[in-house]
Each structure stands twice: as C-alpha cells, then as structure tokens.
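4 protein chains.
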Amino acid sequence: MCGVIGVFGHPEAANLAYLGLHALQHRGQESAGIVSSDGRQLHWVREMGHVGDIFTEERLRRLPGSSAIGHVRYSTTGDSSSKNAQPLAVNYAHGQVAVAHNGNLVDAANVRSRLEAKGSIFQGTSDTEILLHLLAHSQECDFSSRIADALRSVHGAYSLVFLSESSLVVVRDPLGIRPLSLGRHKKNGWVVASESCVFDLIEAEHIRDIDPGEMLVVDAERARSLRPFLPEEPRRCVFEWIYFARPDSIIAGQSVCAAREAMGRRLAIEHPVPADIAIAVPDSGTAAAIGYARASGIAFDQGLIRSHYIGRTFIEPAESIRHFGVKLKLSPVRDVLAGRRVVVVDDSIVRGTTSGKIIGMIRAAGAREVHLRISSPPTIGPCHYGIDTPDRSKLIASSHTVEEIRRFVGADSLGYLSLEGLHQSLASVLTSHEHRGLCDACFSNRYPIPLPVPMRSRQLRLLSV
Amino acid sequence: MCGVIGVFGHPEAANLAYLGLHALQHRGQESAGIVSSDGRQLHWVREMGHVGDIFTEERLRRLPGSSAIGHVRYSTTGDSSSKNAQPLAVNYAHGQVAVAHNGNLVDAANVRSRLEAKGSIFQGTSDTEILLHLLAHSQECDFSSRIADALRSVHGAYSLVFLSESSLVVVRDPLGIRPLSLGRHKKNGWVVASESCVFDLIEAEHIRDIDPGEMLVVDAERARSLRPFLPEEPRRCVFEWIYFARPDSIIAGQSVCAAREAMGRRLAIEHPVPADIAIAVPDSGTAAAIGYARASGIAFDQGLIRSHYIGRTFIEPAESIRHFGVKLKLSPVRDVLAGRRVVVVDDSIVRGTTSGKIIGMIRAAGAREVHLRISSPPTIGPCHYGIDTPDRSKLIASSHTVEEIRRFVGADSLGYLSLEGLHQSLASVLTSHEHRGLCDACFSNRYPIPLPVPMRSRQLRLLSV
Amino acid sequence: MCGVIGVFGHPEAANLAYLGLHALQHRGQESAGIVSSDGRQLHWVREMGHVGDIFTEERLRRLPGSSAIGHVRYSTTGDSSSKNAQPLAVNYAHGQVAVAHNGNLVDAANVRSRLEAKGSIFQGTSDTEILLHLLAHSQECDFSSRIADALRSVHGAYSLVFLSESSLVVVRDPLGIRPLSLGRHKKNGWVVASESCVFDLIEAEHIRDIDPGEMLVVDAERARSLRPFLPEEPRRCVFEWIYFARPDSIIAGQSVCAAREAMGRRLAIEHPVPADIAIAVPDSGTAAAIGYARASGIAFDQGLIRSHYIGRTFIEPAESIRHFGVKLKLSPVRDVLAGRRVVVVDDSIVRGTTSGKIIGMIRAAGAREVHLRISSPPTIGPCHYGIDTPDRSKLIASSHTVEEIRRFVGADSLGYLSLEGLHQSLASVLTSHEHRGLCDACFSNRYPIPLPVPMRSRQLRLLSV
Amino acid sequence: MCGVIGVFGHPEAANLAYLGLHALQHRGQESAGIVSSDGRQLHWVREMGHVGDIFTEERLRRLPGSSAIGHVRYSTTGDSSSKNAQPLAVNYAHGQVAVAHNGNLVDAANVRSRLEAKGSIFQGTSDTEILLHLLAHSQECDFSSRIADALRSVHGAYSLVFLSESSLVVVRDPLGIRPLSLGRHKKNGWVVASESCVFDLIEAEHIRDIDPGEMLVVDAERARSLRPFLPEEPRRCVFEWIYFARPDSIIAGQSVCAAREAMGRRLAIEHPVPADIAIAVPDSGTAAAIGYARASGIAFDQGLIRSHYIGRTFIEPAESIRHFGVKLKLSPVRDVLAGRRVVVVDDSIVRGTTSGKIIGMIRAAGAREVHLRISSPPTIGPCHYGIDTPDRSKLIASSHTVEEIRRFVGADSLGYLSLEGLHQSLASVLTSHEHRGLCDACFSNRYPIPLPVPMRSRQLRLLSV
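Residue numbers (the working numbering), protein chains in the order written: chain A, 25 to 489; chain B, 25 to 489; chain C, 25 to 489; chain D, 25 to 489.
FYI, nobody ran anything at the bench for these hints, they're computed from the structure. A few of these clues could be false.
Derived BS3-like pairs: lysine-lysine, alpha-carbon spacing no greater than 30 Å straight-line [claimed, not checked]:
no.: 1; chain 1: A; residue 1: 107; chain 2: C; residue 2: 353
no.: 2; chain 1: D; residue 1: 381; chain 2: C; residue 2: 353
no.: 3; chain 1: B; residue 1: 210; chain 2: A; residue 2: 353
no.: 4; chain 1: C; residue 1: 381; chain 2: D; residue 2: 142
no.: 5; chain 1: B; residue 1: 142; chain 2: A; residue 2: 211
no.: 6; chain 1: A; residue 1: 210; chain 2: B; residue 2: 353
no.: 7; chain 1: D; residue 1: 353; chain 2: C; residue 2: 381
no.: 8; chain 1: D; residue 1: 210; chain 2: C; residue 2: 353
no.: 9; chain 1: C; residue 1: 107; chain 2: C; residue 2: 418
no.: 10; chain 1: A; residue 1: 381; chain 2: B; residue 2: 381
no.: 11; chain 1: A; residue 1: 381; chain 2: B; residue 2: 142
no.: 12; chain 1: A; residue 1: 107; chain 2: C; residue 2: 142
no.: 13; chain 1: C; residue 1: 107; chain 2: C; residue 2: 142
no.: 14; chain 1: B; residue 1: 107; chain 2: D; residue 2: 107
no.: 15; chain 1: A; residue 1: 211; chain 2: B; residue 2: 353
no.: 16; chain 1: A; residue 1: 381; chain 2: B; residue 2: 107
no.: 17; chain 1: B; residue 1: 142; chain 2: D; residue 2: 107
no.: 18; chain 1: D; residue 1: 142; chain 2: C; residue 2: 211
no.: 19; chain 1: D; residue 1: 353; chain 2: B; residue 2: 142
no.: 20; chain 1: A; residue 1: 353; chain 2: B; residue 2: 211
no.: 21; chain 1: D; residue 1: 381; chain 2: D; residue 2: 353
no.: 22; chain 1: D; residue 1: 107; chain 2: D; residue 2: 142
no.: 23; chain 1: A; residue 1: 210; chain 2: B; residue 2: 418
no.: 24; chain 1: B; residue 1: 418; chain 2: B; residue 2: 381
no.: 25; chain 1: C; residue 1: 353; chain 2: C; residue 2: 381
no.: 26; chain 1: C; residue 1: 211; chain 2: D; residue 2: 210
no.: 27; chain 1: A; residue 1: 381; chain 2: A; residue 2: 353
no.: 28; chain 1: B; residue 1: 418; chain 2: A; residue 2: 353
no.: 29; chain 1: C; residue 1: 353; chain 2: D; residue 2: 353
no.: 30; chain 1: C; residue 1: 210; chain 2: D; residue 2: 142
no.: 31; chain 1: A; residue 1: 142; chain 2: C; residue 2: 381
no.: 32; chain 1: B; residue 1: 142; chain 2: B; residue 2: 107
no.: 33; chain 1: D; residue 1: 211; chain 2: C; residue 2: 210
no.: 34; chain 1: C; residue 1: 142; chain 2: A; residue 2: 142
no.: 35; chain 1: D; residue 1: 210; chain 2: C; residue 2: 381
no.: 36; chain 1: C; residue 1: 418; chain 2: C; residue 2: 353
no.: 37; chain 1: C; residue 1: 418; chain 2: C; residue 2: 381
no.: 38; chain 1: D; residue 1: 211; chain 2: C; residue 2: 353
no.: 39; chain 1: B; residue 1: 381; chain 2: A; residue 2: 353
no.: 40; chain 1: B; residue 1: 107; chain 2: D; residue 2: 211
All values reported here derive from a predicted model rather than from experimental measurement.
All chains, full assembly: derive it from the sequences and hints.
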C-alpha cells in the first residue's frame, strides 16, 4: 500500500507535502519522497526510510517552489529497493514530469513487454514507471491529454498525482478503488491526498473526494475537472474502512471510525458470547471493539497496549523467546485479563500466525477464556489492486474452515463478520447514493478488473545504500 | 526520569538488557546504554538516541559476558549531553565499576563541593558521578560494603544497579521512592528492572519488588539480601501509578492499570457531568477514562488517536499552523466528537498549554461541550526525586485556582481528583500492608526528604556529536 | 574526466573492480559505482563520494558473480548528482544491461532530442544514458551488434564497458581519444581499465591497449576482437601524458613518467634560466621537473610538499587567510626556498589563479627569484572530449600573451613548452608506428571531431542525499 | 605520537585550532578534538577519525570564544578508544580545565596506583588523565602553580597545553623531548603548536621554540614565561628530524628538510654504491634521497609514487594479492626502475616487513639491483617518550645483524647511517649552541629518563561508537 499527496499554489508546498506525508505514514513505511517545482524545473528528494528520518531541514530547503507531490511506500516482500521509491521524475520531450502512485496496474507486465519491444528501457520494477513511458510516447499536445492517453492504455487501480514544471494533474481510476480526497488550504492553494486526515493536520478544508474516473488539472490560471474515461460502476476498496485508513479519515463521505464501530456492533449480533470484557488488538481493532462492547453490553477494557517505540529496524537477538515480534509491539495487561473471559476483536486474519501469538499472550496473562471476533469476513483471496496481501496459498481462510482456523489460533471460539453483515454495516453509515459500489474481492473472489497472465519474473535487482 | 535494568547469570546478558530497555523506553528517550562484564573486564556502549537506533547487531556483539546493566535517560531541559548518558563506568583502585541510576540525590551539590575540595574531578554534571567518587574513596574492603558506605553519605531517591567484573549490586533508597522489581529468568539468572513489564517481554518471572532500603548482592556463588540502612517509613512515588509507569506494570504488588481505572471511577463520583461520550488523552489517560466511563455510565469512545511515527527529531517547517506539535502526535476523530458533549480525561496538567491545545482541537472537530477531568490533584510543586517537572513558577496550579485554569485551557468544566480521592483510589486496590507509605509531594508540598541549598550553576557544557 | 574498469571470469570480480577503482581514483573523485553479474542478473552499488568511503565490506558482499564493471566520475561544475553517477543499469527487452563511460559524445543533445521526439524518457543529464536508449531501440539480434548499432549513431570520445547478464563488451572510439588497456589476470579472467596502473595493483598482466575502433566481446566461451567501425586516423589525447594519467601507467606503449621527463628536458632547452634549484608543483609536475633539472644541470629539490589528508569536503572557516585552498594542499619548504633563485615546473595553466597563489607562497617563503616553466603549450581551447576544462573565456591563455600571463601570476619569467616541442618530446619516447596520431586541440584549436550546435540547457535538477 | 595546538586572544580561536590540526594531521590520524573557552565556560568536540571528517561547519559553530586548544592522536595498537581521545576536559573545585598532551609519562602506572589508593577514579587508560587528578589535588592557589605542582610529581616527556575559562598554560618538559613552538598571529593573539608548519598555514609568525622546562602562561592581561622546574641538559628527540616532523617545520631553529638532506649526504659518503638512480620511499625519505643523490652524483628519480586517496578504513577483499597494503599506498614506476641499478632511501626499518615488500615491488618492476639505504642508525630500542614503536622483540635490528636484515628484506646491499654520522649531520645544520642535547635512545639504548616497573595491564575496555 502507498499514500500520495499533491499541493499546488502554496508558497511552502514542499513543507505541506512533508507534513501530509507524516499523516499518511501508516500507508507506507518503506520509503518516502517529495518532488517540488519552482515553475522552471523540478527538485527531488527520495529515500528509503520513515518520513521523519528522511526529511532534514536542509533537504526541505532543497525543495523550493509553490507546487509539490509526495509519496510514502509500504515495505513489500522482495522488492524493497530505492529504485522503486517514488515520486518518479524524468525528462522527456516536453520537459519534466514526476508521478506518485497508489494502486496497482494489473496489466503492467504486458504493457511493459510491448514497450520494451519498441525499445524502452526501465530503471526499476514498479508498474508506475510504465505510465511515464506511455506519457512520453503520447502524441497528444498538452500535459493532461497525454496523461489521459497513457491511462487509457492500462487497467488497474490508481490514485495518481502528476507534477510538471507548471501544473498538477490528479487522476483516480474509473472504479475508484483507492481513495483520493480534495482539500483547499485555508490560506492558499489546493491539496489532494490519499486520506482526509492530511487536511486536519495542515489546516486545509476537506472539500470532497476526487470522483472515480475524475481528472483534476490545476495550473496557475484555474482548476478544471475532466472525465477522460468511460463511466463505470465504482468499486471502492472495502478494506480501507476495515483496516487500512486512519480512523479519523472520511472516505466517500463516510467516517472510517464510524464504519468500524458499526462493523463491531453487527459482529456482536452475529457472534455473541458470554464474557467479562471486550478488548481490541490496537490500534486498528479499537473502534470495532468499542462497537462490539456497546452492542453486547460487555465492558470494554484495555487488555493489550501497543508500544510507541518499535521502529522498522528491530534486531531480534534472542530467538528462544516465544512470540517475540508480537511481544515487542503488544503487551498484555495481566491485571485486566487474569481470570477473565475475554472477547478480543481484530480486523482480519491473514496467515493466522499473529492471531495465534496474540491469543497465546492473552492466555499466558491468565485469561480464563479467549473468544476471537473478526470485524471482516474470512480473507480468501489476495488483493491485485494495491494491498500487499500474500499469495492465496498463504491465506489461512482460503483453505481452512472457521473451526480449523479456531483450532490453529487456539481460541475458545471464533466468529467472523459475514459478507452480508459487512455490507449492511457500511450501508448503515452511508450518507448518499454514491457509496454503493464496493470491491470486496478479497472476501468474495469477485474481482472487478480481470487479471491477465502472470508477470514475468526477470527483474533487475537494485541494491540500495 | 530514567529506567534501569540489571542481568546476572544469563549467557545473553546484554541481549536481555537490550530487550528490557525497549520495554523501559517510555521512561527515557534521550540516551541509552549498556555495560556488560565478561568476568574479567567491562564492555560499554552508550549513546544519545532511542534504544532501537543505538543498538545495532554489531554493537550488541561488542557486549560479551553473562552480566550486564542498562539505562535509558529522559530528555531534560538544558543538560542533554552524551557526557551524562549512563551507565557510567570507571576504573578505580579495586578494578572497574559501572552504575545506572533512576532517581535524584538532593544533596548532590554539597557532596560534590566537598569532593572537589578534596581534589576530585568530574566529567559531567550528573549526581550519579558523585556515587562513583564516594565508592572509590571508601575504605571498606568489599564491593557491596563500599557501595553502602557511599550511599550512607548522600540523601535522595535512588534505584541503582552497580556492576563490577564479577558481581551485580542492586540498591533501593530507604524510602523506596523510585520503583525497582526483581525477576528470575525462566532459563537462567536474575533480572532487576525499574518496572515489571520488562519481565513479561524477556520471559522472566516477576518475583517481588526490591524493598525500600534493600541491597541485593549477586555473584557467581549466591544472591544475598542486605539491609544496610536504618529502616524508615516508605514513600513510594504516587505519580508512577498516575502517569509514569506502563499500565501493564505491577508496582508494590499493585497493577498500574487497575490503579488508574480506580482513579477514573473516583473522579466520576467527585466530578460528574452530563455528557454523551467519555474519551481519553491517549495513552496515559486511557485506563482512567475507561474507569470514568464505567462509573458514570457515559459511553467510552476513541475521540483522539495517537500517531505511532512521531520520533524525537521532528522539524516544524510551518509555524503558522495552530497547535502544531500536539497535532502531529494526536488527531481528533471528527465523527466521534462532532455535535457531542465530551468528557476528556487526562492524567495531569503541568503548564496548561498542551491541555489548551487539546481542548482547542476537540472543539474544532465539532464537540458541543468539552469537560476536562484530571485523574490526579492539581500539580502544585516540582519533584526533587527524579521526575522532570518544571519549576514551581511554571506549574499553572501553583498560582491559579481551578476556575482560572479552566478558563485558561478553555474547558466548559474542569475537575481534578482530590488528594483524599487519590489515596482512597490507591487504597482500594492495595493488596497488602506494605503499600501505605506514599510520596505525594507534588500535590501536597509535603516533601519527605528535606532539600539543602540550591545547586551551584557552573557547569561544563559538553557538546555531543 | 572519468575512469572505467571491466572484469570477466574471475570469482572475485567485484573485489577486483573495487581495487582497480582505487588505482583509478585520480580520474574522478565525485562518485563511484560497480555493477556485477552473477550470470542471471545484475547487482548494483553506486554513490557520491570516494571509492574507499563508498565500498564497505557489506556492500561488496552485495555484488556477487564473476563479471563486473566499475566507474569513477570527476566532480564537474553544476551537475554533480547521484543521478549521473555510473555505471548506469537498466532493464530492456533483452534483459539487463549496464554501462560505464569515459569520454564525451559531442552530438548528445541532438540525439537526445530525436529520442525524446520518439517518446524516450531520461533519468539524468548524462550523455551516456543516450547509449542505453539507442541500444534498446536497435533491431540487431545479439548484444554486441546492438552496441555497435547504437555507437554508429553517435560521435565523440568513448572508452566504454558494457555488462549484460552473461557477457562483457568493451569499445574504444575510432579515434582512440581516451585510453583503454587490456590485461589478463594471472589467475583467472580478463581485465580492461582506463589505465594500466590497475594491472600492477591487482596482479594482472598488461597485454596491450584496446585499439582505437576496436570492440572486444567476452563471454563464457571466448573473447573476440571486432572492428565495427570504419577505420580512421587515431587521435589519442595528448593531455593524458601531460597531466591526467598516473605516471606509472603505460599508454600506447609509452610510459607516462618517461613522456613527462622528456617534456621537462625539452622545456629546459627551450626556456633556460640561471637558477639555484628546480622544484615541482607536486605531484603532476614532478617528473617534468626532474627532466628539467637533469637537462639544465640545476639541482632538483623538494620546495613544495603536498598534504595527504585534504579530502573533498573541506570547510573554509577563515576567509581572511590568503591563498587558503592552495595552502591546505601545498606547503612551501622555507629552508629550501629562502634566498634561492627558483625554477618551478607545473604541467599547465588554466585560469592562472592557482599559479599565482603558488608563486605568492614561494615568494613569501623567501625565494629571490621565481621562474615558472610549464611542460605543455598554452591552453587556448576547451576539451570537448571528456576533460573538464572551463569555457574558453576562462582560459587565461586564450586571451592573454605569455608576458601578460607572467605579470598576472607574478613570475620573474614564464616559459611554456612549444607545440612542436611537445610533439618531439612524445616522439622521442614512442616505441612503435601506432602512436603518431594525437589530439592536441586544447593547444592548437584543431578539433578532430566537429561540434554540432550547443546543447539545450533545460535539465532536471536531481537532489542527492 | 600526537600533535597539540593552543590559541589565545583570537576571535576565531577554534577555527584557527581546526586549521592548525590539519597541518598536524601527520602526527596522529586516530582521533581529534578541540576545546574552546568563551571566557565563562569550556565547549568541547572530540571524535575518532580525521580532522576533515570530524569538524563540520555546525560543530565548529559549537566552539565559540577567543581561546582554544586542540589535539590529534595517533592510532596505537590495542587502545584505540574514544575515551582516550583528547583534549580531556573536566570540572574541579576551581572551575573547568582541559588539557592536550604530546609525549608519555614514564611513571604513569605508579602515580595512577597512588591516586587510586586515595580514591581517584579514571575514565580511560591514558597517562594524561593523571595530570588532571594531580592538578585537582594541588593546594596551590592559582592555575599555573597547580599545573607546575602536578608536573613536579611525574616524569616523562610532555608538551602540554592547558585551557581554563580564562587562561592558556603551555608547558614543555625539562628535557624538551617533544617539540613545541611559539607563534604570534599577524592579526591577533598567541599560537603554540607542536610544529611550526602550523604557523605558515594560519598566517602566524614563528617566534621561537618553547624552551625545555619553560611554562608560558597567557591570560587577558599578559603572557608570562616561567621556569617552574630545575634546569636540566635538554634531550630533544632526534627522530622528529629523521621521520616524524613535516619537512617544512623548523625544530630548535633547524629545518627538518635540511637535516634530512644532510643525513642523506652523509649516508652517501658512509655507504656509496655504483647505481643508475637514487629513489625515495615517499614522502618521509624524499629529502634524504635528494641529499644522497647530490652527494653521490647518482641521478635522483621518482621510482615510487604515493597514492593520495588511501584513508584509514581500507578493506582488503583479496588476500591472495601479494604486498597488498603497501601496493595501495605505493606504486612502482616500471619505466623508471626497469633494468636499472637502484638505490632506495628510507628513513628507518622497524620490523623489516614493509621494507621487504617495497624491495619486492621494485624488483618486480624490473630493477636489476636494489640497494637499500637508511638515513638513521639501526632502531634497536623502543621509544618510551611518545612514539609508538613496537616492543624491542619486534624491532628487527635489536636481534639481527645488518647482513641478516639485508637478507631478510632481500636487498643487494644495505647501509644504515652511523650514530656518529647522524649526530654530525645534525650538527652541520645547527644554528646555535642550544641544539646539542639530543635523545637518541632508540638507536643507542641510552634512555635519558629511567623507567619504573612495567605498567599493570588491567584496563577498562571502552567501546566507541
């Protein structure tokens, strides 16, 4: 997963982008970058690491100008390289262009092969680089038309921000799979960001979402909204509400926090259990756990606390210690748990190993019973649209029954929210007609964009510093 | 504030110390260090920064041996220097000795002047360095006797771990102001740590607290408990339960989490208010907020969320943004707060500025009313025993009435837990006779250890890297 | 200026490349990099900085395989960016390819414009990137044919090493402007390098130069020598012998050290002067100064010593000190200079400012007379073939007479080696027919490759770490 | 070996100290540091590494004030620790004091034991720390008297600079073993430095040497010269002229360069040999080689060149390469050496291994004969006064005849300068009566300061960053 931001028309554009990336840090901790434009040329900083570690005062000073785009990238398996850090920035016939991308192009391999056959060369392995080649090959005569031209050649999920020397172009794919929000800074300029939580931080006003299929073109004269694609039924990612987005964000007019609480309430109705306390796996499970507690009448309590100091480069010196990684991140509160019948609410189960460790910790802290409740349906399929779920073979629910999973994780009972329950929970908090089209492929195997043949595996291995 | 750890008799002593320091990181983020002994000599790593950033695999390899002590130090104003990082380690007539200290010696300046008059030289400005001089000057013929001799010359709060080539000595001051817990590793060896949360992480068993006035001497043959001081009535720091300790720690047999919940319950009785939701200032206020919600019947909710990615070196590029620092750490959840009457529970008010910013954020998110509840009495005096509270003149409650503070922070109502309520809350969860003697000087101005004349201000300014 | 190395068929290919780059460090101190191939894919490390600082043990371990190419790059004005560091490495239709380049393509701007018009995108501003695009666009069906195809589209100076997963291809431009030598490792494999001094260090045997216009293709089966270009009269750069190459290198069968000594001898004949001692501006002037001393009978002495500790990132804290930069690099030996009539021999004068500072230092050390002798003709034109001379307008000899220059630098007399004398000096040490064609454009304005219109100035400014 | 500098009364004191340390870098590459005083307190930066790498602009800004002292330290075997980096700086009864030391106290172990018996604690293992303890124990009532008092308790070689908040005190031991020079800045203030080459760089005037046994006390009012010790016959280190000092320095009024040339001339008379060229092992052997060439009539040439880019952290990836370390530092010039009878002049032979490698390189480059000439007598004893020679057992000349050494290093002939020849060479360039007393203990075993019993070996191992 990734997060993007774009700023246009603010004298401290790179500083706002930097602050916005802080608010999007939960969407990607592998690398971060900002490209700014001073009107004549682009300036660029990008690095492996966290936003707070990468951007020193000196580096921010190297990013002058009143427009900027930024990106944070998630650490995926096996291709964590500085070459794939974004925003990408290149020179081409019409000047300079930079791009930051959240999403995934499903036909990247085929398009790339076609481009290579025509003589294109590639620096990294990301699908985003393809867009720059398509853009450069376009015969259209203005920047936004070239972008539209390029995007009509690919399929997949994309929330994109493009920056040229003089304009910012923002696009969301026709299905609107990944979120993208539009804000206006109280003092100056436009801001777009993956999530609306950015606007609160930088004191911008949240205007609305960028619509599925919308292209927004901003330059010194004006901001124009275009519709360069054929209209389609939207398919917003349901997992953003379940897990990915920050609880204080608003997606499609709907509060993430409220959606989660509604899921927790529904979960309590679908899977009640006599218990003394309801606890969350913090932080993503907290809102659902509060909802579960309220609907069930079971007391909510803080049975697990999360460390604020575990960074990405943790060393594991003592392999003998059980549940090691989880233990550094989560600590059980013995006094809350001991002797109690505990309902623990989490957002999802992927491989099952972490859930097993957490239940082990809760039992070791003295819990009498541990009932696991999951605020989403069983995850049975991978995401091809930008979330880094493992292969289907590693998703425990793709090949095991709920009872088998319960035994695997060691819970006294296990209940998942039903797919129907998920949709009803979301419907209960929807504020308008526009929020009906959702992508739930990871729970239903109904993939809204068909997949081409698998990508080839040959890749340039780039060694970062 | 600081945290200490000591390990003896485990083949991976430095690794356990390193893990333990992770669990104590909340007690100090300025610097960290570990000294280990391989039986013949001491090995040493210490640095400014967080535990996770300082200790690389290579540095941990440079700390061989089966005993080790470690330290984390809080960033205090004006004397944040690598020279004051601990553990300190020196050579003296009887070999080598290292020490790590949590607490504060109130007569450090006078003792230091006496030592300087006799020709002693000092590297840094910490009170701990004095102990090494006194130890080296002692005429006693064994290690623990020299330590006892040194400590009988000073007054103040101290939880100390000393390491020589062949033994570990652990001491807690006669009043037991700072906490110190004893554990036994399930596989090998002894562990002592400022808080019991360390034991859960490294899979040691929590045996008991080190008693006020107790000295524990551990070497290859045995572990002995000594009582080198005249017995006194204990004065355990009440603020550890209110704010400082981690909720999953046990101090004096009493769960920190349970104590906080009891304070919240009592607060609800003392200061009820009609409201729609009760929220916490996370994380320290969470347990008290849950207690308040339960006792009052007001629904607990997650109205503020805390960022996990804000490190210590944050740059503030945009001064115009209001409540900037607080905003990066805490985010209001608009959907939870908008249109609601909100009770917000925090552990204490120091200067009042942060509380004011938080209330401003909650109001900006649309709250209809904001009622601030503090789970401790007004903080009217500084701590001279190891907590880095500012001067009395900067403590808003030392010179303002509750009503004045309410207006300053902009709350609709403000209620502090009474001193009597605080003691009753703690009494309600006490499990034995030994937990009666508490230090509440910061709320009562009753200081259990009298203060000598102020320290001289001349100091060597040491510039770190 | 730059230096390149290629290794094929040695189990420690990257290690040999690393050592070789040490021996080529004088050819470029801005950045360095190595790409290795393990037979299936390329591995890559490149960075701003010196060879010794960039390559840690860990990074060398990340470069497995039995073939490798390496590059060092000189710090030029205004475009010192990590994006331009080499070797470049990309993916294209036929797999992966990396390239390292010493030289300059004179028609880079035009070729680049043509490529951009066809939709190519560019990461940096170097001419070398163009070669990769041309290579990828070639319709030829094998690696070396694609390279030849690409090179037939450009003009300029190039000593190139290309690496694919399975082969090494080495090319020198038809005029042979930049040097390139072929060696064979005593144990295993082939080595090519910009200068033969590499072979001494890594215990390879110096076989011969790569011929002007030669392409050497090495793969697991064999090494083939091809002649893909029309034959031309060679034009080897005369400045390599004068200044750039290391004195222990052999170029075109001719020792650099011997060539310099011959120049110094000839200079003594052309510009004799009564003096007490002859000294060099170390290190490049030393061999010529020895030659001058021998031919004139004036005693050679060490009147200036060079510091070994001045790196690239020197801070200048005291602007008031005269001749500051030069003083840190060179120190006059007062005892040698005081009261003496001094002949000081240097290789060339560019702007004249450094020469003026050096003469000022020698006078300040007490020299009675200072006679400057330059072992090359006046530098009147810039190099367009890879040496970073400034614009013609900044070359003092392009607009001033020798007498004007003498007054500017403050010498008592000034003598340059004549162009005829330069050629005769080189002829005197030539060992075969093949060394006759030389490029002396910077002294004669006779440029062997005509220049197209100036390059466009629009460039992407890339900010390195 | 180490180098020291002191500056008083210049508004950019730390900047001058920084520049001066650059000029002293050859005296120590392990660590460097500067302490400055702003009149009220001391400021401090010290680190492992080279001067140019340690002092960034930001760090220099942290060293305000008009007085400063600095130190560079040589990398000795086994005790290379940041704890021993200098200047040392401490607090004591009379304020703050810092010290930088070149030399060695021979009775450090005994004095340290006496101090430890009285209760002193030690941070590191350097002898210099003892001086601060003695100073702090002194009952004298002013700064310089306390320093004199402390120094009267120890024996050994010392050139010292002390800095308090308000004054600079400079002392040289009664025998004057290590050099120390006094200069005056052309604009403001006093400068003292280990070598006079510092003055040339920072544009100070070289006044004279600090006399053996002299103490110079500089404060805001005046500079006073004191003689706190009983007068003794001086014993200046002869090895400074042979090897250690920079050729452009003046010691005891005598040019180092001229002394070396005289040694080379004398060596030619004592050990003539028919040969074609005379070459130096650069840089320390260059002046002697020039002298040898002149006296013998054999042509001087540049047969070995020295790399400017080999730093301290070189990685040796290919162990199979012969003479590896030497090869990276020195390169033979084949064209100069091949077929020639070569006299190679070096300053000394320690273990013999490096000499053997150099001779091997010269032969491999084709030399017909290799005659080694050493511009000092056989090194038969270690230095106890500050030079890091190995134990006597590792000095090849302590247990082997000249003929045995010749065979070991593989030379065709070997000649050392005689002890008498050394003294006559120095006498020939002496300019006054004061330069007669020399320490030649490493050649004669006549140690001017008797040694006490060996130091104890117990040491605190300090792990640097």
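Cross-check of the supplied hints:
no. : hint          : in the structure
1   : A:107 x C:353 : violated, 38 Å
2   : D:381 x C:353 : holds, 29 Å
3   : B:210 x A:353 : holds, 22 Å
4   : C:381 x D:142 : violated, 58 Å
5   : B:142 x A:211 : violated, 64 Å
6   : A:210 x B:353 : holds, 22 Å
7   : D:353 x C:381 : holds, 29 Å
8   : D:210 x C:353 : holds, 22 Å
9   : C:107 x C:418 : holds, 28 Å
10  : A:381 x B:381 : violated, 39 Å
11  : A:381 x B:142 : violated, 58 Å
12  : A:107 x C:142 : holds, 24 Å
13  : C:107 x C:142 : holds, 22 Å
14  : B:107 x D:107 : holds, 11 Å
15  : A:211 x B:353 : holds, 23 Å
16  : A:381 x B:107 : violated, 41 Å
17  : B:142 x D:107 : holds, 24 Å
18  : D:142 x C:211 : violated, 64 Å
19  : D:353 x B:142 : violated, 52 Å
20  : A:353 x B:211 : holds, 23 Å
21  : D:381 x D:353 : holds, 12 Å
22  : D:107 x D:142 : holds, 23 Å
23  : A:210 x B:418 : violated, 34 Å
24  : B:418 x B:381 : holds, 17 Å
25  : C:353 x C:381 : holds, 12 Å
26  : C:211 x D:210 : violated, 60 Å
27  : A:381 x A:353 : holds, 12 Å
28  : B:418 x A:353 : violated, 35 Å
29  : C:353 x D:353 : holds, 18 Å
30  : C:210 x D:142 : violated, 65 Å
31  : A:142 x C:381 : violated, 56 Å
32  : B:142 x B:107 : holds, 23 Å
33  : D:211 x C:210 : violated, 60 Å
34  : C:142 x A:142 : holds, 10 Å
35  : D:210 x C:381 : holds, 19 Å
36  : C:418 x C:353 : holds, 23 Å
37  : C:418 x C:381 : holds, 17 Å
38  : D:211 x C:353 : holds, 23 Å
39  : B:381 x A:353 : holds, 29 Å
40  : B:107 x D:211 : violated, 36 Å
Checked against the numbered hints above, the structure violates hints 1, 4, 5, 10, 11, 16, 18, 19, 23, 26, 28, 30, 31, 33, 40; every other hint is satisfied.
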